[in-house]
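Engineer: Construct all of the structure, not just a fragment, from the sequences and the given hints.
Here the protein sequences come in this chain order: A and B.
As numbered in our numbering, residues 1 to 141 make up the first sequence, in order.
As numbered in our numbering, residues 1 to 379 make up the second sequence, in order.
Bear in mind the hints are in silico, worked out from the structure with no lab data behind them.
Don't take each hint at face value.
To be verified - Pairwise CB distance ranges, derived in the manner of DEER restraints:
| id | chain 1 | residue 1 | chain 2 | residue 2 | range |
| --- | --- | --- | --- | --- | --- |
| 1 | B | G316 | A | L86 | 33 to 41 Å |
| 2 | B | K299 | A | P87 | 30 to 38 Å |
| 3 | A | V106 | B | Q70 | 48 to 56 Å |
| 4 | B | G269 | A | E111 | 49 to 57 Å |
Glycine residues also receive a C-beta, built at the ideal position from the N, C-alpha and C atoms.
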Amino acid sequence: MSTQGNIHNLLPEINEVNKPFYDNLNQGKLSGLHCKRCGNTFLPPSVYCPRCLSDQLEWVLLSGEGEIYSWVEYHYAYHEYFKDKLPYVVAIVQLKEGPRIVSNIVDYDLEKLKVGAPVKAVFQNSIVNQRLVQFKLTNSI
Amino acid sequence: MGSISEKYCIIGVGHTSFGKHPGRSTIDLNVEAIRNAIEDAGIDKNDIDAVLCKYPTSKHSMMYSTMVAQAIGIVPKVTGVIDMGGSTNINLIQYSITAMELGQCTTAVISFADNPLTGSRGAYTHPWGNDGGLYGWFGTPPAYAMIAQRHMELYGTRCEDLAEIAVAAHKHASLNPNAQMRKTITIEDHQNSRYIAKPLRLYDCCLVSDGGAAVIVTSVENARRLGIKKPITILGLGQSHPSWELHLREEITISGAKQSGEMAFRMAGVTPDEIDVAQIYDCFTIVVLITIEDYGFCKKGEGGEFVRNGRIQLGGELPINTSGGLLSETGMPGMQLIIEAVRQLRGECGERQVPDAKLALVSNQGGIMTTHSTMILGR
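Structural biologist: Now the structure itself:
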């Protein structure tokens, strides 16, 4: 029942607003937008700060440190590419600087996957030419 | 403005069969549902002057409600398509009442039809956000699994608690001749069913169905004029819509049910302990558990305990989803829950009737607990 097979369908749409985020990922760096007016640090990339609606924004590097907010283990592949990767884990990661992102926990020990478990970013995988930011449990690095 | 509570009512309900309708258009399914609702109300087609629709999830098309109006041969004074996903049906009832208060129309039909079983299911399998595809973040069941996992870890909710919800739904559907799946299941059947996205198993997920359903709304005064025998009164309405992307929501284990429920209970002037029967949107078992917490039937985190030991089954303290809900009657999003509430209050439910039901609660919700609406009905 996988609906898609083309690997290019997995790639994000790149535009002038989000391009720095994906360029930084390709350098092995995680970044977010920082609002110069209200101090909010946020993702996903946007022209306006969702808190104060200012457009006075700057890119800042993030530490890649955070904790698991919640997680799910996939037992069904919605895309051909993930068929041989089952089971895999998708998690919402609460980053130390404030934003939450959706990513994977890789090389995980199922027993140690817990809400609140500390994680750290790794940049070891790519799809086509786009590097990913994934996470490992901090105590497993 | 004076209270709208008790001023409007549902006078007709109708639907197609639920299951496969290969080759039939959604317009055709809408017309069949509306025809049955008109017949149920016992009114003339030309009494209807407003046509409101939820567009088919499987295939968006512009100004869809005008096509439905055309197909039933009505030139409506008021029409439109509102999209709040699965919360739309109750929201359209709210909109119809607004138009009636403005004096723009007197009697509205609200309808929905879709054919994801024999047509396209693409709407339920896409990647989330701009780059969810990179991380395999696809699909509706895994997004609800993300919510379930956090609820389990924060509150000690058990997989067996979710099973109780599925067991009740399937038991109720076995007493409902309209249900798509009439097989009863046990807690063990649930526990042995395969993981779709851990922690959710096959029996935590709703059915996929083709079909159509419609309700007719008018004022209590007009219902009297039309000679309606058992109008079901709309006592309370509410809505609330947390966020588009799941991870950007402040707390994913709290749904729009909290604010929406408060709004509806306040308008109706009743409390959760007065409700005789509840039809709670159950696209996934975890949604029922969170919704009853947020409505105040129990405290946050105590939903798991609340549903244990048959408490939500017929004969229990709070019978929930007496038709089988989305889990076992039909996967169609929400209108059939309204219809079941109306039938319970009319006393038409035969083997699955809640004795002397006077107050019914209905919830509709859409997306990944993205939207929510609530309606309280009485007789």
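Engineer: Next, verify each hint and record whether it holds.
Structural biologist: Checked hints:
Remark: the range hint 33 to 41 Å for G316/B to L86/A is upheld by a beta-carbon distance near 38 Å. The hinted range of 30 to 38 Å is satisfied by K299/B and P87/A, whose Cβ atoms lie roughly 34 Å apart. Taking the beta carbon of each, V106/A and Q70/B are about 54 Å apart, inside 48 to 56 Å as hinted. For the pair G269/B and E111/A, the supplied restraint of 49 to 57 Å holds, since their beta-carbon distance comes to about 50 Å.
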